[in-house]
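> Using the sequences provided together with the hints, build the complete structure.
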Amino acid sequence: MSSLLERLAEARKAGDVGRLAEAIPYARWMRIAPENGTGELLTRMRYHDDLIGNTFLPAIHGGTLGAMLEMTAIFHLLWETETETVPKIVNITVDYLRSARPVDVIARATVTKQGRRMVNVFAEAWQDDRSKPVATANAHFLVKSSDDAPPSL
Amino acid sequence: MSKSLTTKEERLALFQEWFSDTIPHSKALGLKVIDARRGFASMQLEWREEFVGNPETGVLAGGPLTAMLDGCCGMAVATMLKEPMPFATLDLRIDYAKPATPGKPVIAEAECYRITSSVAFTRAFAHHGDPKDPIAAAAGTFMLGTKGQVTRAQSIGKEAIGKEAIGAEPKI
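Protein chains in written order, with the numbering used here: chain U, 1 to 153; chain G, 154 to 325.
Keep in mind the hints are simulated off the structure, nothing from the lab.
Among the hints, a few may not be true.
Below, simulated DMTMM-like cross-link-like pairs (lysine to aspartate or glutamate); rule was C-alpha separation at most 25 Å, straight line [as the list claims (entries may be wrong)]:
{"#": "1", "chain 1": "U", "residue 1": "K144", "chain 2": "G", "residue 2": "E209"}
{"#": "2", "chain 1": "G", "residue 1": "K185", "chain 2": "U", "residue 2": "D50"}
{"#": "3", "chain 1": "U", "residue 1": "K13", "chain 2": "G", "residue 2": "E209"}
{"#": "4", "chain 1": "U", "residue 1": "K113", "chain 2": "G", "residue 2": "D244"}
{"#": "5", "chain 1": "G", "residue 1": "K300", "chain 2": "U", "residue 2": "D49"}
Here are the simulated distance ranges between beta carbons [stated by the list, open to error]:
{"#": "6", "chain 1": "U", "residue 1": "T110", "chain 2": "G", "residue 2": "S270", "range": "34 to 42 Å"}
{"#": "7", "chain 1": "G", "residue 1": "P284", "chain 2": "U", "residue 2": "R46", "range": "31 to 39 Å"}
{"#": "8", "chain 1": "U", "residue 1": "R101", "chain 2": "G", "residue 2": "T160", "range": "34 to 42 Å"}
{"#": "9", "chain 1": "U", "residue 1": "A9", "chain 2": "G", "residue 2": "P252", "range": "18 to 26 Å"}
{"#": "10", "chain 1": "G", "residue 1": "S270", "chain 2": "U", "residue 2": "E82", "range": "46 to 54 Å"}
{"#": "11", "chain 1": "U", "residue 1": "D129", "chain 2": "G", "residue 2": "G183", "range": "27 to 35 Å"}
{"#": "12", "chain 1": "U", "residue 1": "F56", "chain 2": "G", "residue 2": "A292", "range": "22 to 30 Å"}
{"#": "13", "chain 1": "U", "residue 1": "T85", "chain 2": "G", "residue 2": "A292", "range": "24 to 32 Å"}
{"#": "14", "chain 1": "U", "residue 1": "G18", "chain 2": "G", "residue 2": "E170", "range": "37 to 45 Å"}
{"#": "15", "chain 1": "G", "residue 1": "I187", "chain 2": "U", "residue 2": "T110", "range": "35 to 43 Å"}
{"#": "16", "chain 1": "G", "residue 1": "S270", "chain 2": "U", "residue 2": "G15", "range": "53 to 61 Å"}
{"#": "17", "chain 1": "G", "residue 1": "E209", "chain 2": "U", "residue 2": "G18", "range": "17 to 25 Å"}
{"#": "18", "chain 1": "U", "residue 1": "E82", "chain 2": "G", "residue 2": "P255", "range": "24 to 32 Å"}
{"#": "19", "chain 1": "G", "residue 1": "S270", "chain 2": "U", "residue 2": "G18", "range": "40 to 48 Å"}
Looking from chain U toward chain G, a few residues come up when the C-beta cut is under 7 Å (computed) [what the hints assert, rightly or not]:
{"#": "20", "residue": "P25"}
{"#": "21", "residue": "I89"}
{"#": "22", "residue": "T93"}
Backbone N, C-alpha and C fix where the C-beta goes; we use that ideal spot for every residue, glycine too.
Rendered as structure tokens:
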């Protein structure tokens, strides 16, 4: 059992999804963590200066938004579905809708289709106004497979 | 071509400076520009513990690769602009072909294969040295002439590649 899945079991027991981020070095470095204080599972990327991609606007780097949407989908799959393995990303398509200002980014994922091995997830990120998303993404994850299995639907 | 930038090393040093100075996230990732010429850009990401997505295996998270591929595609676009203009990523697709090997640096190579007056199309691969054995493949589309001021990283086409750069041709 991976330490991430152990962490998941602990987080479930404590009812604190935020603990999931502690097990992932990249999530800690990026200050990306899930939260469920409102009863809804959201993922937040806390603003810090290293996220900037354009100093003139200024705007958050598009790559960090893609990264954050991917983490949002992973946290969602870990927390909301009965996954037995750490989800493996197959691909992701990110649409950039607005430039992201230097403040926190919040995102929410939904499962569009849950298959036995493959899951299709949609994720949406916004800042102050949820009705004005800054980026959306669609991603596929393998949720049950042997390590060498080719990703196939 | 600008006067003093005669060698490839001089050009790359300048691109690196502009790229790191105007894009703090690229600096945070420690991205190193290893090549840039008309329609093409390449950079390198060193493996670091804080980029790991799976602590059991030490495999990189998708995020650092996404950010590198986005930046590399963007630089490939910049090399095509005769007249510098602000541009922004419209969409980016990444296929994760295989996990990055822990401890090994990752190289990204991006090509801007088509540019119009408003959109630039790019594709890229990330690999450990053999482009035929990719870790990830990317396809990025960029919107040209977006709001704001042109950054130095976006103006490398004119300033440092100079006459080699071809302009945005309004063909569509």
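> Go through the numbered hints given earlier and state which of them the structure violates, listing their numbers in rising order.
none
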